[in-house]
Amino acid sequence: MKLYFILLPVILLVALLQTSFLPVFGIYIDFVLIFVLLIVYNTPSTFGTNFSFLSGLLVDLIGSLRFGLFTFMYTLFSIVSYFILNTFGKKLVNLVLLVFVFSILERIFLRNYGDFWDIFLESLFSSLMSLILFPVACFLCEKFGGFKKKLV
Amino acid sequence: MTFNYKLLVISAILLLIGAITPVTYVCGIFHRIAFPIQFGIRGAAVSLNNEIVFLRKIKSIKEELFELYKIKERAISVESKMKEVELENAILREQLGFSESKNQKILMAYVTGSSFGSISTSLSLNVGSYSGVRVGNAVSSENYLIGVVDSVSQNSCTVKLLNDPATKISALSQNSRAKGLIVGNYGTTVLMKNILINEPLDLGDLIITSGEDVSIPKGLIIGEVAKINFKEQEILKSADVELGINPRKLEVVFVLN
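Chains as they are written, first to last, in the working numbering: chain A, 1 to 152; chain B, 1 to 257.
Check before you lean on any hint, since a few could be wrong.
Unchecked claim - Heads up, simulated DSSO-like pairs for lysine-lysine below, C-alpha to C-alpha not over 27 Å straight-line:
(1) Lys62(B) x Lys249(B)
(2) Lys193(B) x Lys218(B)
(3) Lys2(A) x Lys6(B)
(4) Lys90(A) x Lys6(B)
FYI, nobody ran anything at the bench for these hints, they're computed from the structure. In this text the structure is predicted, and so the values were computed from the model without any measurement.
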């Protein structure tokens, strides 16, 4: 419960920044998706799926797209992530690949088709960001949620 | 391991009912809370971006300032001429019994979000169907056309910018009256195509809206001709038009409906 109170304001802040602050500088990375997948990696399925659902709900409430789109997308991504991490092992490389693939899939969900190389590079950048933010997510989950770090 | 499929079902239901009125009403309440915050954040970002751009361009600022003084002098001269013409025009209208069209409603809107680059070029505004905004309404700033309203919800709308590839607007050259069709191409320029090869068009010509599109008024500035493209054997030519206004820096715009 304590972790929800820490993470949800962080998600709200990140969502506000990525919709209003970062586009001015030409940055179009879904940091909420990265954060959701990092939490999914570091927590059990019940917590991670609930957290994904709530994060999607927050993004839907402050965004101008159709309500429910992000809630459905993040919840679906978290369930698929748990399935893949259980099947292929909880390895950092799998997490990075998940961030890469889901960043591309998100564009398809949102019908944001653009130049292939731009989408590819932005997804690659998202994967890199997930590596940079990984220690932060580990720290938050361990410190406030009591979930032990499982880096392979 | 068991997965929480209940949440997936709930989220799918939320997605299905996401467009019905009670849900959009609840979202509207949250939008009203979030929009001022988003606007503030965006304003801070634009200011920071301007500072960064200023620091990068500090060497050329002096030359730019000198050019601006020249432009200012020219503008004062043009303004004084315009005042005379306006006065003359008013007298002529009065004599001919005409009156200026005042049935156009102008609605001020704050920019709350934006999307530029390769994916789509659009702005999110804090006005929606409640304020009378309709799909197809023109959006302008300082008499420059910014784009056209693409989608509308109760308290917000999305504006498709001029450089979006889906944008198609009838335009003409202010000097030569050469007509063409403005099509977006993601960059800082747009393409004016379908210009007859024998119609005169020069670099630096001001391109304005022709008024042929029902919801876009005539005379809104689009930009200046930066490059003319033509081949001798073709009957049509095109021109690259540099946009007159940078949508990244916009904070307040006007919806014309």
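Status of the hints after comparison with the structure:
Taking the CA atoms of Lys62(B) and Lys249(B), the gap is about 21 Å. The hint holds against a cut of 27 Å. The suggested pairing of Lys193(B) with Lys218(B) holds, with an alpha-carbon distance near 18 Å, which does not exceed 27 Å. Proposed proximity of Lys2(A) and Lys6(B) is supported: the alpha carbons are some 23 Å apart, at most 27 Å. At most 27 Å may separate the alpha-carbon atoms for a hinted pair to count; Lys90(A) and Lys6(B) meet this at roughly 24 Å.
The structure is consistent with each of the numbered hints, conforming to all of them.
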